[in-house]
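Participant: Guided by the hints, dock chain B onto chain A, whose structure is given.
There are 2 protein chains.
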Amino acid sequence: MIDCGEGTQIQLRKYKFRFGKLNHIFISHIHGDHIFGLFGLLSSFQLLGRTNDLNIYAPGELKEIIDFYKRNFAYDLNFRIIIHPLGYKRKKLIFRDEWLEVHSIPLKHRIPTCGFLFREIQQDLNIKKEAVDKYKPDLESIVKIKKGKDLKISHDMVIPNCELTYAPWKVRSYAYISDTAFHPSIIKSIESPDLLFHEATFSGEDEILASETSHSTSFQAAEIAKLSGAKKLIIGHFSSRYKHIEFLVDEARKIFPETYPANDGDIFLVNRTRMEFS
Amino acid sequence: MIDCGEGTQIQLRKYKFRFGKLNHIFISHIHGDHIFGLFGLLSSFQLLGRTNDLNIYAPGELKEIIDFYKRNFAYDLNFRIIIHPLGYKRKKLIFRDEWLEVHSIPLKHRIPTCGFLFREIQQDLNIKKEAVDKYKPDLESIVKIKKGKDLKISHDMVIPNCELTYAPWKVRSYAYISDTAFHPSIIKSIESPDLLFHEATFSGEDEILASETSHSTSFQAAEIAKLSGAKKLIIGHFSSRYKHIEFLVDEARKIFPETYPANDGDIFLVNRTRMEFS
Chain A
1 MIDCGEGTQI QLRKYKFRFG KLNHIFISHI HGDHIFGLFG LLSSFQLLGR
51 TNDLNIYAPG ELKEIIDFYK RNFAYDLNFR IIIHPLGYKR KKLIFRDEWL
101 EVHSIPLKHR IPTCGFLFRE IQQDLNIKKE AVDKYKPDLE SIVKIKKGKD
151 LKISHDMVIP NCELTYAPWK VRSYAYISDT AFHPSIIKSI ESPDLLFHEA
201 TFSGEDEILA SETSHSTSFQ AAEIAKLSGA KKLIIGHFSS RYKHIEFLVD
251 EARKIFPETY PANDGDIFLV NRTRMEFS
Chain B
1001 MIDCGEGTQI QLRKYKFRFG KLNHIFISHI HGDHIFGLFG LLSSFQLLGR
1051 TNDLNIYAPG ELKEIIDFYK RNFAYDLNFR IIIHPLGYKR KKLIFRDEWL
1101 EVHSIPLKHR IPTCGFLFRE IQQDLNIKKE AVDKYKPDLE SIVKIKKGKD
1151 LKISHDMVIP NCELTYAPWK VRSYAYISDT AFHPSIIKSI ESPDLLFHEA
1201 TFSGEDEILA SETSHSTSFQ AAEIAKLSGA KKLIIGHFSS RYKHIEFLVD
1251 EARKIFPETY PANDGDIFLV NRTRMEFS
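For the record, the sequence lines run as chains A and B.
Each residue of the first sequence is one higher than the one before, starting from 1 at the first, in the numbering used here.
Each residue of the second sequence is one higher than the one before, starting from 1001 at the first, in the numbering used here.
To be clear, the hints were calculated from the coordinates, so they are not data collected in a lab.
Here the structure is a predicted model, which is why all the values come from computation and not from measurement.
The reader is advised that the hints may include incorrect statements.
[What the hints assert, rightly or not] Only pairs whose alpha carbons sit at most 30 Å apart, straight line, appear in this in silico DSSO-like list of lysine-lysine: (1) 16(A) / 1070(B); (2) 70(A) / 21(A); (3) 144(A) / 170(A); (4) 1070(B) / 63(A); (5) 63(A) / 1063(B); (6) 243(A) / 1016(B); (7) 1136(B) / 1152(B).
[Stated by the list, open to error] Label pairs and their in silico Cβ distance ranges: (8) 1169(B) / 18(A): 51 to 61 Å; (9) 1013(B) / 261(A): 13 to 23 Å; (10) 271(A) / 1049(B): 37 to 47 Å.
[To be verified] Covered by chain A, per the in silico footprint, the following chain B stretches (three or more residues, Cβ under 8 Å): (11) 1060–1073; (12) 1116–1125.
For every residue, glycine included, the Cβ atom is placed at its ideal position computed from N, Cα and C.
Here chain A stands alone, though its shape is the one from the complex (with noise of 0.2 Å):
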């Protein structure tokens, strides 16, 4: 999960999410409308039994919060919450697992900010099950071929690894940019990502009020989008003084067409595509 504002825990009952699913959270920056809803959905955790550790990568300023919380709250908490905290020199990896890295990358606001890229780990090959049949080869050889090298079934022959196994899954990335100014230096960081949510708190006529308070236009917003190559960028984190929000999906689309608005319970899929070789 991704920031916690209040309401966390009662927006996730309402789309029947499972609490314990929920292992690792990424806290951009200690505002409250990213963290309030921290307490209650720790609360939650607590009365539903968990004892599984919980992994919140945030800012170090977090634990004195923590802290407090369960001093005043939760004594008797029966799991642990583990605190890594956030860097702000540069982009680093923060987690990785089989299947999944993140990053954070610092952004440009008035408290310390990161943002997060999600991308998927690139996993070995599938073999054709033809080839199995065809060329018997051994583990070892299978091993290796999911790797990505050919087989060498006589001492004049060797098959290349096109022929044994499917093109393989292109990664996914997910970049998540809440909350910043304009801030180009992180397009290099994000890597063309399949999703981009950057947050677009004003629209384009109030750039001044934008650059005051350290957020972002839907103008800079899609910028960003267009000058990293993503594929498709969603916007939110709307400043309250608009009541509808669609044209400043406009703005946006007028540079970056591929924009759509973050509404409550909205789901965003990235469909597996497998590589395409020239």
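Facilitator: Below, chain B without anything else, positioned relative to chain A:
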């Protein structure tokens, strides 16, 4: 406002409540589900430009929590938060203006907790227009009539007050009792309220659990309503273990037929009626 659980400001917006009208918050006790909405609400007040004092009637420990909030999230708050600490020895008058008085009523929970009794102030009597036209009382006499005095129009003729004024409005009252174990000593304190909210966390079948956690069953809530002479009972604060709460209402109605469940957004009107004299 009474208590402020997570998501309160979201609900206030949903029901189009004007934030600026909220000047007094009554907090029964320092458990998360009764106060985790405070931080977000205070931040929204600040964002909306509030400068009016905010009065919070709450256990004294809230001060440390508000101080922590200010230090970490709102060091530049533009309005004062005045905390009025509750007492736990006896029923106590904690607020009074021209129209309303509020008493705190100590309850029986795992931590210091108070319920609240809201009662209108008996207003001056309304003089009948016909009486003014007929007897033409002077200003001084009018003030006296409004206070219930008879009108002396000559040395041997007195017009009784009941001929000069309408029957007075009955004062209305609302008692809020949550969270608490079954605690019959409050019956005297709540003084036959027109409307009683009483927690009913558990079903009668789970009476042991209610006792262990210092909560009440729906039977117990109904018992308090009946013995106190309440006119209408609202039950709520239901345990999430019950998927449907109709049977809790049915239980309570066996003892106190005028029982209704508290649902989000419900409005319970208490109509003004005039006193009847025999």
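Participant: Are the hints correct? Go through all of them and say.
Facilitator: We went through each hint and held it up to the structure:
With a CA separation close to 34 Å, the supplied pair residue 16(A) and residue 1070(B) exceeds the 30 Å bound. Of the supplied pair hints, the one linking residue 70(A) and residue 21(A) holds, its CA atoms being roughly 22 Å apart against a limit of 30 Å. Annotation: proposed proximity of residue 144(A) to residue 170(A) holds, straight-line Cα distance about 20 Å (limit 30 Å). Of the supplied pair hints, the one linking residue 1070(B) and residue 63(A) holds, its CA atoms being roughly 17 Å apart against a limit of 30 Å.
Pair hint residue 63(A) plus residue 1063(B) holds up; C-alpha atoms about 21 Å apart against a cutoff of 30 Å. At roughly 14 Å between alpha-carbon atoms, residue 243(A) and residue 1016(B) fall within 30 Å of each other, so this suggested pair holds. Restraint check for residue 1136(B) and residue 1152(B): the C-alpha separation of about 12 Å stays at or below 30 Å, so the hint holds. Range check, residue 1169(B) to residue 18(A): Cβ separation about 53 Å, and the 51 to 61 Å hint holds.
In this structure the hint that residue 1013(B) and residue 261(A) lie 13 to 23 Å apart at CB holds, the actual value being about 19 Å. Range check, residue 271(A) to residue 1049(B): about 46 Å between beta-carbon atoms, so the 37 to 47 Å window is met. With 6 residues having a beta carbon nearer than 8 Å to a beta carbon of chain A, the region 1060–1073 of chain B meets the requirement of three or more and the stated coverage holds. Three residues within the 8 Å Cβ limit are the bar, and the region 1116–1125 of chain B against chain A gives 0, so the coverage statement is violated.
In this structure, the hints that do not hold are numbers 1, 12, in rising order.
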